[in-house]
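Novice: As they're listed, the protein sequences go chains B and U.
Quick note on numbering: this note's numbering labels position 514 of the first sequence as 514, and the sequence is numbered without any gaps.
Basically this note's numbering = 1-based index in the second sequence + 1000.
In short, the hints are calculated from the structure, not lab data.
Do not take every clue at face value.
[To be verified] Result set (DSS-like, lysine-lysine): computed pairs, CA atoms no more than 25 Å apart in a straight line:
{"hint": "1", "chain 1": "U", "residue 1": "LYS1115", "chain 2": "B", "residue 2": "LYS299"}
{"hint": "2", "chain 1": "B", "residue 1": "LYS115", "chain 2": "U", "residue 2": "LYS1207"}
{"hint": "3", "chain 1": "U", "residue 1": "LYS1386", "chain 2": "B", "residue 2": "LYS299"}
{"hint": "4", "chain 1": "B", "residue 1": "LYS207", "chain 2": "B", "residue 2": "LYS2"}
{"hint": "5", "chain 1": "B", "residue 1": "LYS386", "chain 2": "U", "residue 2": "LYS1386"}
{"hint": "6", "chain 1": "B", "residue 1": "LYS205", "chain 2": "U", "residue 2": "LYS1205"}
{"hint": "7", "chain 1": "U", "residue 1": "LYS1205", "chain 2": "B", "residue 2": "LYS157"}
{"hint": "8", "chain 1": "U", "residue 1": "LYS1207", "chain 2": "B", "residue 2": "LYS157"}
{"hint": "9", "chain 1": "B", "residue 1": "LYS157", "chain 2": "U", "residue 2": "LYS1157"}
Number of protein chains: 2
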Amino acid sequence: MKGYRNRVLRVDLTARSFSEESLDPTLIHDFVGGGGFGAKLLYDELPPGVDPLGEDSALVFVAGPLAGTSAQSFGRWKVFFKSPLTGGFFKSSGGGFFASELKFAGFDAIIVKGKADRPVYLWVHDGSYEFRDASYLWGLDCDDTHTLIREDLHDPKVRLACIGPAGELGVKYAGIFSDRRTAGRGGGGTVMGSKNLKAIALRGKEKIPLAEPERFREAVREQVRRYRNDPNFERFSLRGTQNAEFTNVLGIFPTRNFREGVLPGYENIDSSAFDKIRVRNTACHNCMLHCGSLTKINKGNYRGSWSEGPEYETIWAFTGPLLCSDIGLTVVADKMCDDLGLDTISTGDAIGFAYELYEKGILTKEDTGGLELTYGNDAPVLTLIKQIAYRQGIGELLAEGTREASQRIGKGSDQYAMHVKGLDIPAYDPRGAKAHGLSMMTASLGADHGYGYAGQEIFGVPYKGKSIDRFAIEGKGELTKWNQDNRAIWNLGIMCAFASRYFDHELFGRLLCSATGHREFLDPEFLLLVGERVINLERMFNCREGFDRKDDVYPSRFLEDPLPEGPSKGQVFEADVLLEDYYRVRGWDPETGIPTKEKLAELGLEYTLEPGK
Amino acid sequence: MKGYRNRVLRVDLTARSFSEESLDPTLIHDFVGGGGFGAKLLYDELPPGVDPLGEDSALVFVAGPLAGTSAQSFGRWKVFFKSPLTGGFFKSSGGGFFASELKFAGFDAIIVKGKADRPVYLWVHDGSYEFRDASYLWGLDCDDTHTLIREDLHDPKVRLACIGPAGELGVKYAGIFSDRRTAGRGGGGTVMGSKNLKAIALRGKEKIPLAEPERFREAVREQVRRYRNDPNFERFSLRGTQNAEFTNVLGIFPTRNFREGVLPGYENIDSSAFDKIRVRNTACHNCMLHCGSLTKINKGNYRGSWSEGPEYETIWAFTGPLLCSDIGLTVVADKMCDDLGLDTISTGDAIGFAYELYEKGILTKEDTGGLELTYGNDAPVLTLIKQIAYRQGIGELLAEGTREASQRIGKGSDQYAMHVKGLDIPAYDPRGAKAHGLSMMTASLGADHGYGYAGQEIFGVPYKGKSIDRFAIEGKGELTKWNQDNRAIWNLGIMCAFASRYFDHELFGRLLCSATGHREFLDPEFLLLVGERVINLERMFNCREGFDRKDDVYPSRFLEDPLPEGPSKGQVFEADVLLEDYYRVRGWDPETGIPTKEKLAELGLEYTLEPGK
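Make the full structure from the sequences, and use the hints.
Specialist: Spelled out as structure tokens, the structure:
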């Protein structure tokens, strides 16, 4: 078995036991690896209706078949779980060195079930594994947890995925952190905390054997050529996603809790503003892009703060929702969320939600403990972040996510809870980018921007040789399906989204095939089928939980209130017509939004219709 | 040249230049190494009257001849400088791995002079060296500085000595930090900050060649045998200095700013209290003692806090002076001082001083910005620590140290400034341990407890086969001279103070001789002469700066007010008679306290009497 390690580690925290499994050849054929493996393993692992934070829920950590090889930009890992925020299928992705180290340590995946009776961490090294006491780590932030576990293991090169106080305390959107790279969304850290699992620590020295080393090297050389030949490579490599203006100029930079699409003062947080505070670039394992940035604030209210990041979404999360534009706040809030273990997007959304409720008088100064949540006032933000992480004051409520918080508050506050399926909406106003919006509305995860990113609308990437009108409705069902299926394909290798611009299915297939020896991976039609299979399996996971068309829905604001200003002025999101087009293209029932039997048969997913499956 | 690296690195930050020097054979003969080298190099390096924070001042970092070898407990380093707190000679000592790494990187010492025009750090590796930008590190705490420099150098095993915000901002008692081991006292971090030097980073792979490897191994085996045969080894190894009761039971645990000697509630911070919060032990390079402790607070006001330490002095610093006994406060204050870059002893003294002034009405609530500095109230302590580190509020004043602060405040506050020569007094009341007190009163550093630690009085260690009455006056001059000279001998190897119980001059000489090949080191008489030489050279450094008998003085409290309660009740410190006895034994002029010409000639230090020397 090449490329893969052919070992899945199964951990039972209740029984404090381990077991190992080989990879099922059917699993490889049907799901290739990475995001495919994770979706199938989670689907099989979880009984329908399971409590996401109960003992029977699972976390599935997966590295892709190209992780740890010399192929560039495959250093990401994914974690699969039932989300405590959405109650549905979830996958969240982190960078750094954890994926490669998992492969070096001898495994393709780790499945964690059960609940430890007291805090533990998992130590996996060179094919061995053990539980270690984490009582003393409970309550510690992610940075300190990295430091102390490395000291405990007497090896500063150990790689970790861990949670902070937010995950321990059950904040519903707690993330999982690895060297300041985050699998932030959906509450994976919350699930980990519910299991009393503080961290997974990895170290290994096993190299990844390749099926056809010479062909593999040639494919990597081709990949590197493509990177180098891109005239935008240097720029992207320097700035990464630190360019908040790219949506602002389209008028879809959500502002004032998604009321508007243009941020006044955005020039304070645009790419040239970040050029001034960037210290150096950082990278994941074997990635020439090194798109990460270390930033440092040397003046203003947040002087002395630093972070790795913030990335685009975080820059937005602490500006747009609050009508603020202090670059220092984005840096310090990013670091604080990384340390405390919070998803920055949901944190920003929760705070923006509170600001709007405060404006509307639904939350008062009494509710906020004296904090003045008026748009443009950044003074309460750091306090709110801490309160959320430790579930103190108004943070107790906001820690539940905007959907649940609005249900508890009542008073019509649900119209200001900006989420899809419970997942708070990221930094794109769907009204000005219909396919992008359609993907966020239909994604199994809820409002996730990466599930089927519409680069055609945001960056003008051609689709089938043509440029796409971002306001147009026609054809957006097809485009969205393509974007989602295609992203699912890259996810089979857990390829970084930023590398996809250098890839076609042919080169990707060459890497996969020469690494693993599976010749079918060379066939683009095969890959497309697997991509669609993954999307449909994820959908069926949710249908099993009772999800259907009613859950593919946006807050009324997008449907009823046209964007008031800027380059997307006047646009609303035409939800029904877009959704029906999408269902049609998908082969999903137009009434229920559930994949038809025919579609499932075509994809070899009939078993998802069987009872108990 | 064996044992030594025979290389001293000289750094000029103003000129941004480096040079190297070999060790002078006279230096080796007269001063052996470590603390001897440092004293002589500093004496030679600094012109009289130099501003400690001026461009012409120097920092001398030194590793001993046994650092980096397999000998146990020689992993400490020392830094020498003119103290901004005392205006006199200073040496401060830190543990961890910095000393060994300096040897591995190819050097015995680094002399830093000048001032960089913007923040830099020094990167010394495998015999090479360079300056690196530290602008982005300015303002960062010590922990983050370690992390980011290791990332910058792509080597998690780099060892550092660095400063925190306190050192940058000129707090007069800022320390130098290496992996949470601290050269805390006297303001070495302040000097470093004044030079715009954020850190020294080290990495090296050179082994230390030994003159007589087999004899050396035999001496190490003997050392290890002695450790193992000590019935108290396990206990000491487990608890280190986390046993505050050892002075409390003698009634010399300074309480309420040195007014009393017994702390009510000391059982909250005694050794069994620390047994409950200890996570694991930590060690310096090649040290079986592993006396360090990682601690974690799991309940109470300071829940979730952790630290490496606190050690005895820090446990005291945040309890006794303030009449508090919360173990959680000692842990969180320890970590905060480590991160912000503060000496814990002077910080605790400064806060205790402020508490007493508040009680006396010399400082009011207006002065403290609303903080209530009443004995027993620990609520303001963390705020005060931050204010000191950042020189904000009342911290601006307290950052100067108690002597200078009292001079600025006036109103008779100087009687509450508990210092000798400007160095704030550590956790021993001199009234109940006369030789220990005499050493702190006469030490060139000011009130330093390690300069001539009177284990005979504190632990009942026999002296010349006899037990010592700690209240007695007779013979304390001789005992103090012995303790100081003897400590200066161990410092030649920069041996950890805690290891000295396992050593005699014979074994120490065998290690030194077999490592370096210098046979004179085998002679105890030779070593005693060098020890005395070092003490006298340090004294002459101070005399050159205008120090004399008037500076060997305690606050009047110790001389006039008997200890009111406890096992040392009724004791005062008989300063004059003790001092005269000490001068007599030292061969120092009884009127001036300056070493006589005869004494200096006996020690080969006549040159200290020459003009300009």
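Novice: Run every hint past the structure and note whether it holds.
Specialist: Cross-check of the supplied hints:
1. Between U:LYS1115 and B:LYS299 the alpha-carbon distance is near 23 Å, which keeps this suggested pair within the 25 Å criterion.
2. Restraint check for B:LYS115 and U:LYS1207: not satisfied, since their Cα atoms lie roughly 48 Å apart, outside the 25 Å limit.
3. Straight-line distance between C-alpha atoms of U:LYS1386 and B:LYS299 comes to about 19 Å, which keeps the hinted pair within the 25 Å bound.
4. In summary, the hint linking B:LYS207 to B:LYS2 is supported, as the alpha carbons are separated by about 11 Å, within the 25 Å threshold.
5. Proposed proximity of B:LYS386 and U:LYS1386 is supported: the alpha carbons are some 19 Å apart, at most 25 Å.
6. Of the pairs offered as hints, the one joining B:LYS205 and U:LYS1205 holds, with about 22 Å between alpha carbons and a cut-off of 25 Å not exceeded.
7. Pair hint U:LYS1205 plus B:LYS157 holds up; C-alpha atoms about 18 Å apart against a cutoff of 25 Å.
8. Proposed proximity of U:LYS1207 and B:LYS157 is supported: the alpha carbons are some 23 Å apart, at most 25 Å.
9. Restraint check: the Cα-Cα separation between B:LYS157 and U:LYS1157 comes to about 9 Å, which is no more than 25 Å; the hinted pair holds.
Hint 2 alone, counting from the list given before, is not met by this structure.
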